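> Chain by chain, the residues:
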Amino acid sequence: MRGMILGSLLLMGAAALLCGCTTVKPWERDLHAREDMQPNALDLAIDDHIYFSKEASSGGRGFAGGGCGCN
Amino acid sequence: MQLKRKRSIGESLATATCSLLGALPAARVQADESGPWQAESALLYYAEDGDRVRDISFDGALSYAFDEDRTLRLNLTLDSLTGASPSGAVPANTVQTFTRPSGQGSYQVPAGELPLDDTFLDTRVALAATWSQPFGESSRLSLGVSGSTEYDYLHLGVNGRWERDFNQRNTTVFVGLAYAQDQIDPVGGVPISFAAMQEAGDSSSKDGSNETKDVIDGLIGFTQILSRRSLLSVNYSYGRASGYLTDPYRILTVVDPLSGQPVADPAGSGLNLHLYESRPDSRTKQSLFAEWRYAFDRDSLALNYRLMHDDWGITSSTAEARYRLNWSASDYLEPHVRYYTQSAADFYRTYLVDGEPLPANASSDSRLADMDAVTVGLKYGRRTRHGEFSLRLEYYRQTGNPDPAPIGVLTGFDLVPPMTAVIAQVGYTFNF
Numbered sequence: 001m002r003g004m005i006l007g008s009l010l011l012m013g014a015a016a017l018l019c020g021c022t023t024v025k026p027w028e029r030d031l032h033a034r035e036d037m038q039p040n041a042l043d044l045a046i047d048d049h050i051y052f053s054k055e056a057s058s059g060g061r062g063f064a065g066g067g068c069g070c071n
Numbered sequence: 072m073q074l075k076r077k078r079s080i081g082e083s084l085a086t087a088t089c090s091l092l093g094a095l096p097a098a099r100v101q102a103d104e105s106g107p108w109q110a111e112s113a114l115l116y117y118a119e120d121g122d123r124v125r126d127i128s129f130d131g132a133l134s135y136a137f138d139e140d141r142t143l144r145l146n147l148t149l150d151s152l153t154g155a156s157p158s159g160a161v162p163a164n165t166v167q168t169f170t171r172p173s174g175q176g177s178y179q180v181p182a183g184e185l186p187l188d189d190t191f192l193d194t195r196v197a198l199a200a201t202w203s204q205p206f207g208e209s210s211r212l213s214l215g216v217s218g219s220t221e222y223d224y225l226h227l228g229v230n231g232r233w234e235r236d237f238n239q240r241n242t243t244v245f246v247g248l249a250y251a252q253d254q255i256d257p258v259g260g261v262p263i264s265f266a267a268m269q270e271a272g273d274s275s276s277k278d279g280s281n282e283t284k285d286v287i288d289g290l291i292g293f294t295q296i297l298s299r300r301s302l303l304s305v306n307y308s309y310g311r312a313s314g315y316l317t318d319p320y321r322i323l324t325v326v327d328p329l330s331g332q333p334v335a336d337p338a339g340s341g342l343n344l345h346l347y348e349s350r351p352d353s354r355t356k357q358s359l360f361a362e363w364r365y366a367f368d369r370d371s372l373a374l375n376y377r378l379m380h381d382d383w384g385i386t387s388s389t390a391e392a393r394y395r396l397n398w399s400a401s402d403y404l405e406p407h408v409r410y411y412t413q414s415a416a417d418f419y420r421t422y423l424v425d426g427e428p429l430p431a432n433a434s435s436d437s438r439l440a441d442m443d444a445v446t447v448g449l450k451y452g453r454r455t456r457h458g459e460f461s462l463r464l465e466y467y468r469q470t471g472n473p474d475p476a477p478i479g480v481l482t483g484f485d486l487v488p489p490m491t492a493v494i495a496q497v498g499y500t501f502n503f
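From first to last, the protein sequence lines stand for chains A and B. In terms of the working numbering, the first sequence is residues 1 to 71. In terms of the working numbering, the second sequence is residues 72 to 503.
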C-alpha cells in the first residue's frame with residue numbers, strides 16, 4: 001500500500017517535470033477547446049454508477065463515491 | 072461598469088463538469104453564443120440477461136453560469152430497479168427453500184438453478200449540487216453536496232476541490248476531498264454475522280434495524296498539455312470506508328466436504344444451512360488513473376487506464392478507449408471499448424465447507440470474486456441548432472471464477488455464471 005502511494009507520487013512528479021517545459025500558447029489551443037476533447041460528465045457519471053454496482057472498483061477519474069446501496 | 076462579460080454556459084462547463092467528477096477540466100471550452108443555462112438529460116435502460124436486474128433511469132443536470140467563472144450545477148437521478156439478484160447461495164441437485172430478506176415468506180429454487188432473490192425492487196432518488204468559483208489569481212474552488220435515498224439506504228455527502236494553473240495554463244494541479252455518511256436500513260433487520268438463515272417469521276438471526284458507514288475520499292492530480300494536440304491527466308486517489316460494509320442480504324451455503332450438497336441446518340429450522348455474510352468493518356482503497364487525449368484534425372481519441380488496490384486484497388486494472396469520429400459538422404460516432412480485470416478479495420468464498428472453522432470474514436458476493444469484464448459500445452450524436460441529441464448502446468459481459476474450486480455435485484454447476492447486460496441511453500442536451 002505504501003509502495004503504491006510512493007510510486008504514484010513519484011510517477012506524477014516525474015510526469016509533471018517532464019511535461020513542465022512544454023508551453024502551448026493560448027492561441028494554439030483551438031484543438032483542445034473542441035467539444036469532443038472535453039469529458040462528457042453525464043455519460044461518465046452513468047458509467048461510474050453502473051460499474052460501481054457491478055465491480056469491486058470505483059473512482060479514479062473522480063471521487064470513488066458511492067451513495068448507493070447497490071454495493 | 073461591468074468588466075466581466077456574461078460567460079456562456081458551454082465555456083463554464085469544463086470546470087463545473089469536472090468539479091462534479093472531482094477531476095480536472097481537460098481544457099477551457101471556447102465561448103459560444105448560447106445563453107447562461109445548459110440542460111443535459113439522459114434516459115437509460117439497463118437490463119441483465121435472464122430475470123436479473125433491470126433499471127430504468129433518468130439522469131438530468133441543469134447548469135447556470137453566473138459570469139465568466141461562477142457556475143452552479145444541479146443533478147437529479149431517478150432509478151427504478153426491478154428483477155432478481157443472486158443471493159450468494161450455491162445451486163443444489165434438490166429443490167431449495169429460502170426465507171425472503173424481509174423474514175416474511177419464503178421462495179423455492181429448482182434443482183440445479185442458481186438461487187436468485189426475486190424481490191429485488193427499489194427506487195432511488197439522488198440529488199447533487201456543485202458551486203464553482205475563482206479562488207485567487209490562478210485558482211478555482213468548487214464545493215458540492217450530494218444526497219440520495221432508497222428504500223433501505225440513505226446517503227449524504229459533501230465534497231470540495233481546489234485547482235491551480237501554472238506554466239501559462241499548460242499545467243493544472245488539483246486537490247479534492249469528499250466525505251459521505253450513509254445509513255443502511257436492511258429490510259427485515261440487520262443480520263448477525265454468520266447467523267444461520269431462519270424460517271419465515273423467526274427473527275433470531277437479526278439484530279437491530281440500521282447501521283452506518285463513513286467514506287472519505289482524497290484526490291490529487293494534474294493535467295498537462297503535452298502539445299497542440301494532446302494532453303495527459305494523472306490522478307492518485309485514496310479512499311477509506313469504515314462502518315457497516317457488509318451486504319445484509321448476502322448468504323453463504325455450507326456444503327458437505329465430500330458430496331458438495333448443502334447440509335441441513337443442525338438447529339432444525341427445516342432449511343439448508345445458509346449463513347449471513349461478514350465483511351471487515353473498514354476498507355482502504357488506492358487508485359492511480361491516467362488519461363491521454365489526442366486531437367486529430369477532425370477526430371479525437373481518449374485512452375485511459377486505472378490501477379486500483381485495496382486492503383481487502385483486491386487489485387484491479389481497467390483500460391478504456393473512446394474514438395470520436397466527427398464524420399460531418401453535425402454528426403458523430405463514438406465507438407467505445409473497456410476491459411476490466413480484478414483479483415478476488417481475501418475473504419471471498421463461493422461456499423463454506425461443513426466441519427471447517429469459520430474464517431474471520433466471508434462473502435459470496437461475485438463482485439468480490441476473481442473476475443474479468445468487457446464492454447463494447449457505440450454512441451451516435453447529432454447536433455442541431457438548439458442542442459445535441461445522442462443515442463448510446465453498450466454491451467457488457469462479466470465472467471468470474473469460483474473460489475474455492477467446486478467439490479462433489481458442485482462440479483456439475485456453474486457457480487459464478489457469466490452475466491451479460493445491455494445498456495441503451497437516449498440523451499438530449501441544449502443551451503438557453
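For the record, the hints were derived by calculation from the structure and aren't laboratory data. Quantities reported herein were computed from a predicted structural model and do not represent experimental measurements. Some hints here could point you the wrong way.
[Stated by the list, open to error] Beta-carbon label-pair distances, calculated as ranges:
#1 A:26 with B:137: 21 to 31 Å
#2 A:26 with B:129: 17 to 27 Å
#3 A:26 with B:207: 28 to 38 Å
#4 A:26 with B:206: 15 to 25 Å
#5 A:26 with B:279: 54 to 64 Å
#6 A:26 with B:462: 12 to 22 Å
#7 B:149 with A:26: 36 to 46 Å
#8 A:26 with B:138: 13 to 23 Å
#9 B:233 with A:26: 19 to 29 Å
#10 B:212 with A:26: 38 to 48 Å
#11 A:26 with B:503: 21 to 31 Å
#12 A:26 with B:250: 49 to 59 Å
#13 A:26 with B:370: 39 to 49 Å
From the three backbone atoms N, C-alpha and C, an ideal C-beta is built for every residue, glycine too.
> Look at each hint and say if it fits the structure.
Consistency of the hints with the structure:
no., hint, result
1, A:26 with B:137: 21 to 31 Å, "24 Å, holds"
2, A:26 with B:129: 17 to 27 Å, "39 Å, violated"
3, A:26 with B:207: 28 to 38 Å, "20 Å, violated"
4, A:26 with B:206: 15 to 25 Å, "21 Å, holds"
5, A:26 with B:279: 54 to 64 Å, "59 Å, holds"
6, A:26 with B:462: 12 to 22 Å, "35 Å, violated"
7, B:149 with A:26: 36 to 46 Å, "41 Å, holds"
8, A:26 with B:138: 13 to 23 Å, "20 Å, holds"
9, B:233 with A:26: 19 to 29 Å, "23 Å, holds"
10, B:212 with A:26: 38 to 48 Å, "23 Å, violated"
11, A:26 with B:503: 21 to 31 Å, "29 Å, holds"
12, A:26 with B:250: 49 to 59 Å, "36 Å, violated"
13, A:26 with B:370: 39 to 49 Å, "23 Å, violated"
The structure is inconsistent with the numbered hints 2, 3, 6, 10, 12 and 13, although it conforms to all the rest.
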